[in-house]
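2 protein chains.
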Amino acid sequence: MQEIKKYVEENQQRFLDELFELLRIPSVSADPKYKDDVIKTAEFVAEKLKSAGADKVELCETAGYPIVYGEKIIDQSKPTVLVYGHYDVQPPDPLELWDTPPFEPTVRDGKIFARGACDDKGQFYMHVKAFELMQEKGLLGCNVKFMIEGEEEVGSENLGVFVENNKERLSADVVLISDTAMISLENPSLETGLRGLSYVEVEVTGPNRDLHSGVYGGAVANPATILAKMIASLHDENNHIAVPGFYDDVAELSDSERKQINEAPFELETYKEDLGIKEIWGEKGYTTLERTGIRPTLEVNGIWGGYIGEGAKTVLPSKANAKISMRLVPNQDSETITQLFKKHFESIAPDYVTVKVSPHHGGEPVVTPTDSVAYKAAAKAIAESFGKEPIPTRGGGSIPIVALFEKELGIKTVLMGFGLDSDNLHSPNEKYDIANYLKGIETIPLFYKYFNELS
Amino acid sequence: MQEIKKYVEENQQRFLDELFELLRIPSVSADPKYKDDVIKTAEFVAEKLKSAGADKVELCETAGYPIVYGEKIIDQSKPTVLVYGHYDVQPPDPLELWDTPPFEPTVRDGKIFARGACDDKGQFYMHVKAFELMQEKGLLGCNVKFMIEGEEEVGSENLGVFVENNKERLSADVVLISDTAMISLENPSLETGLRGLSYVEVEVTGPNRDLHSGVYGGAVANPATILAKMIASLHDENNHIAVPGFYDDVAELSDSERKQINEAPFELETYKEDLGIKEIWGEKGYTTLERTGIRPTLEVNGIWGGYIGEGAKTVLPSKANAKISMRLVPNQDSETITQLFKKHFESIAPDYVTVKVSPHHGGEPVVTPTDSVAYKAAAKAIAESFGKEPIPTRGGGSIPIVALFEKELGIKTVLMGFGLDSDNLHSPNEKYDIANYLKGIETIPLFYKYFNELS
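Chains A and B, in that order, give the protein sequences. 10 is the number of the first residue of the first sequence in my numbering; add one for each residue after it. 10 is the number of the first residue of the second sequence in my numbering; add one for each residue after it.
With the rest of the complex left out, here is chain A (with noise of 0.2 Å):
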């Protein structure tokens, strides 16, 4: 452990001007503007692995944009172990709201501020640079394989095929993932489960043109209007989903499992002022740890009809849209969800409109195991390098290259995040605490050793 600290503190300047240089690059995998940016990226990283001392690396093609892929095979009876991460971001706006541009890294209150500095650069790179530390001071002790892709944020609809056919190449004994928040750094935690998602883009139409509403206004069905009424339907009085049969096959917990759930630091009084609200708002009957846990959710994530620009205009619109998304818990699947969602929302749908929903991509939720060797390597490489023993959490987020790793390659994952809650992940002034990011490729190796020694 001394070892480690001295190397991470005497290359602490050197991890973190890569790091920047990394989010330096507009990888918007959503936005095809930056397509030359995001191939930049990936060139980056493949470029870094290399010169850690990864073999075989390659910018693996796909339908999309390149996995990069590389590995180090010490000795085939000793365990394997598979990093995942991407190297796309999310897009960057609402961009008046950034403190400082998102693709300009600046570092304030200890923070590393910019879009991809938490999700996912800041915390796969931790990977790469724990690597060249265990390179150059000897310690692999596992075999590892390297799995960075760049469409994390658009679905990784590419990752699945690239699975599906190099299963044997990517065989493994246990996917890491740093993706994911812990509670603190005085709380530190890890996440044994993700929430699945649904995402869907819906339109409604009502007349064939946009109209004038003193003309038109009272007479004819306003798409706005209707898509309103139909938004405010999908939650009742008690804020259940109300889709026929959303709930049917979630795994409900035990009491002793919420009990467990609840034990999980939090405190009310902070998290509302943390987010500037006066109440908190959820389905009855449960608390918010179990809200952003272990229920399910819909949520509105962007809505849009008419005139939306300066000043005013009377205008009836011919459509309005709305992209919503739910957050599955086990055992709830993507695809059962999206079509009973597609057919309640085209149920409700009255006469004087037409409604169209769009699928996007999803996903499926999953629990990982606490009882593995895997999760216990976690366990103890964090219990050595925090001074506490993690709590074991449920994840609101949806990595859904997990439940895929799991169904195609049968291999199990830890998710050993060291991002917090409050890194405004998909929001503007995203960061990642320097400590946090340090802190990670100081535990990154005690992992390796201890599931060397476990296994």
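These aren't lab readings, by the way, just hints derived from the structure by calculation. Treat the hints with care, as some may be off.
Identical copies carry no separate label here, and so any pair may be met within one copy or between two of them.
To be verified - Using 20 Å as the maximum straight-line C-alpha spacing, the simulated EDC-like pairs for lysine to aspartate or glutamate come out as follows:
| id | residue 1 | residue 2 |
| --- | --- | --- |
| 1 | 389 | 462 |
| 2 | 238 | 212 |
| 3 | 287 | 355 |
| 4 | 389 | 266 |
Assemble chain B onto chain A, guided by the hints.
Same frame as chain A, but now just chain B:
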């Protein structure tokens, strides 16, 4: 009449060319980026008034865009007509729905397609050309004053100040406006009323920043969902507006008045077919002609929140917004209605969001008399040029300035509009039929003739 027809026939190509030149200048008053074009348009109008023979032509400065004034006083003892129009236009968005560019007028099937073709460049320019005709042919039998403003589409805020400060200069016996529609060339009509307007913008704020919908979704109120619920509650199950007190001042029409309204030609199937809708919508207990003519309405003109770009972003937005306007009927008062709305909307905001209601411009409803000399002159002019008596109708739109003229100058207005409801005002592919444009230029001189004779 023959002399008028002949002049219009001989000059029709030039009349069109000049209008096209006017339509090519993108005078969008709502968007500051068009500022130079708006001013260029004012200069164009002044130039054309001058060359048609108007005296004292002037760009009258205001706090916003200039008002173009010009006059021809032939004899102080003759009646005076004050012509009002506006040279500014609505924003052209959404641009992608235009078949041909909004500021490149294009003729198809005898119709001029361009932003402002009907509203109001095509319509006010008829008056400039009719004036030219009367001057050339020695037919001008009244004094005439032109007041063409550049801020009608943004609420005419500075026109009020101008009118107040120029009462003597603007003194007249009637205000003549072509900024409304008739039923058709076969069924000419004259509008005898206009609705008022109350326009507000609402902002619903939840958390103090955009959040990751996986980490916070289900536990924090989503302002897009809350806004949808609030908008959904603004109409009850009979599509009555659910703002307390909203209908308190509404003038209810007698059965015979309602009967007259419903005698105007209206074909429900044609109406639905034209708009591409299966069913109409509206306040229970009223016909379509009543809903657009004599009943107040509440419409969402724009709604936005969260991520509205390409692809999927899993954000729980910090804010959601909407532009909402209400059309008012006699004797509603726009300021009162705006306050009732604000109070109600704030009162229905749940504790987990904050709400801001910002009023835009408003305007008062008007009813124009049908027993006045001016109305009779207009009816006679239309009967002569169209060969059919005009049907009196109630217009659904708003020209707030009409109520202002009545209040400040004590003058009633004649709404001699030559547009059609199908002209796509405020929509993509706005158009104006060449036949209506030329028919208007023919009819206006007859109005002057009969107004002079009957006065």
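*Which of the numbered hints above does this structure break?*
4
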